[in-house]
Structures are given as structure tokens and as C-alpha cells.
Amino acid sequence: AQSVTQPDIHITVSEGASLELRCNYSYGATPYLFWYVQSPGQGLQLLLKYFSGDTLVQGIKGFEAEFKRSQSSFNLRKPSVHWSDAAEYFCAVSMNRDDKIIFGKGTRLHILP
Amino acid sequence: DSGVTQTPKHLITATGQRVTLRCSPRSGDLSVYWYQQSLDQGLQFLIQYYNGEERAKGNILERFSAQQFPDLHSELNLSSLELGDSALYFCASSATGTSVVEQYFGPGTRLTVT
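In the order they appear, the protein sequences are chains W and S. Residues 6 to 118 (the working numbering) make up the first sequence, in order. Residues -7 to 106 (the working numbering) make up the second sequence, in order.
Among the hints, a few may not be true.
Facing chain S, a subset of chain W residues (Cβ under 8 angstroms, in silico) [unchecked claim]:
hint	residue
1	Ile16
2	Tyr30
3	Ser44
4	Gln47
5	Gln50
6	Leu51
7	Phe95
8	Asp103
9	Asp104
10	Lys105
11	Ile106
12	Lys110
13	Gly111
14	Arg113
Here are the computed lysine-lysine pairs in the BS3-like style, where the Cα-Cα straight-line distance is at most 25 angstroms [what the hints assert, rightly or not]:
hint	chain 1	residue 1	chain 2	residue 2
15	W	Lys73	W	Lys110
16	W	Lys73	S	Lys1
17	W	Lys54	W	Lys110
18	W	Lys54	S	Lys1
FYI, nobody ran anything at the bench for these hints, they're computed from the structure. Beta carbons: idealized from backbone N, C-alpha and C, even for Gly.
Produce the entire structure from the sequences given, and follow the hints as far as they go.
And the structure:
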């Protein structure tokens, strides 16, 4: 069965520093891949998604993610974080366009001033 | 604001009771998805409706049921509630029945079972 692993439960970075959140998936073929963000007290918002094509995907709020088939990874990056980026980030996968989306357990991002 | 509304925001009830959570999708969206978010299980897909019909089922307990009405709003019914049902319940909507298109999440209903 497909699964998503976000190895870091919490990450703390200083404002202005770069960020990388890790995501690994378990699935034989290339899945559909997503990153969602959940701000405190809010629902989830889609940051970016990868279906096929260019393995470097640009999203909203200055985020990008890179799909690496050889590592079964889809890591999220941002060159310079802002205090408003403090939130919980979820990586998610789907086996095909009609299948349910499986979410990782999430990584909570803390920003130091 | 995603355009998806959920009521109520908070719900406190006792074990054994039954509750109904309501979701109104974004204008024009035909699909509604229900998710449960808890500390131990994370975010779990429960069920999807598309234009009034059940489209996909996830880890939904038999004590739980849902429906989507002709005006496309949806209700999630939870019965014989147990302490372990305490969680944040999200509704999401999308324009089509395909799950990988962008889903727009509501703010959630926090259910506390005492």
C-alpha cells in the first residue's frame, strides 16, 4: 500500500534562513504528489503539486519542491522563510487521478525571530 | 477564505450520542470530501461525494455516514460516539470528481466527546 513519510515532526529555523522539509513516499510507480499547509486554526491550503514533467515545481508563497524518482522523495524548499510561514506542512500522494489522497503525519515549522 | 463553510465550529457531546456536521462547498464545486484529523492518526480521508453520489470511501467507520444533497451541501453523521472520535473534521470541495484536482478545505469542526 502507498504511504507517505515525513521524518521530521518539528523543525525550527530562523527568519530569513532557508528551509527544506522532507517527504518520502512508498509506491512503485510515480504518484501524484502534493504539499499542503495548515496555519493555526485554519483548514489546509494547497502549496503545489506534481503530476508529471519538470521535476522542479513552483508553488505559492515562494515555495518549490523537487521530485526525485531515484530517492522516492518530494522535498519542499524555500530560500528565505518569513515569520508567517510558521504552520504545519503536509506532504500527500495519490496513486492515480481518481484515487484518494494519502497525507503524511505533517511537519510543524517554527520560526525564530 | 477558501469559500468552504463548515458548521458548527465546535461541538461537545457525550459518549453514545449522535451528531451531524454540515459542509457547504465552494460555489460551483461538485465534489465534497470529508477528512478526520487526530493526533494519533493524522489526517485521514473518510469519504467523497460527487454531485450527490458516493464516489470514494476511505477509513470511514460503520457508525459514520454521509450524504450530499441536491444543493450540493453535505452532512457527516456520527453516531454511537466514542471518546476516540474526538477530532477535527474537515470538509473539502473540488470542481470535479477527480480527487487530484485542487481541494479547498473548510476551517473544520472540532468534535469533543466526553
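Cross-check of the supplied hints:
1. Ile16: Cβ of isoleucine 16 of chain W sits 17 angstroms from chain S, so the hint is violated.
2. Tyr30: violated, 14 angstroms
3. Ser44: At about 10 angstroms, which exceeds the 8 angstroms cut-off, the nearest Cβ of chain S leaves the hint on serine 44 of chain W violated.
4. Gln47: holds, 6 angstroms
5. Gln50: holds, 7 angstroms
6. Leu51: Cβ of leucine 51 of chain W sits 5 angstroms from chain S, so the hint holds.
7. Phe95: Cβ of phenylalanine 95 of chain W sits 6 angstroms from chain S, so the hint holds.
8. Asp103: Given a least distance of 6 angstroms, the restraint on aspartate 103 of chain W holds.
9. Asp104: holds, 6 angstroms
10. Lys105: holds, 5 angstroms
11. Ile106: Cβ of isoleucine 106 of chain W sits 6 angstroms from chain S, so the hint holds.
12. Lys110: Nearest chain S Cβ about 5 angstroms off; hint holds.
13. Gly111: holds, 7 angstroms
14. Arg113: violated, 12 angstroms
15. W/Lys73 - W/Lys110: holds, 20 angstroms
16. W/Lys73 - S/Lys1: Distance ~40 angstroms between lysine 73 of chain W and lysine 1 of chain S Cα, so the pair is violated.
17. W/Lys54 - W/Lys110: holds, 18 angstroms
18. W/Lys54 - S/Lys1: violated, 29 angstroms
When each numbered hint is compared with the structure, violations occur for hints 1, 2, 3, 14, 16 and 18.
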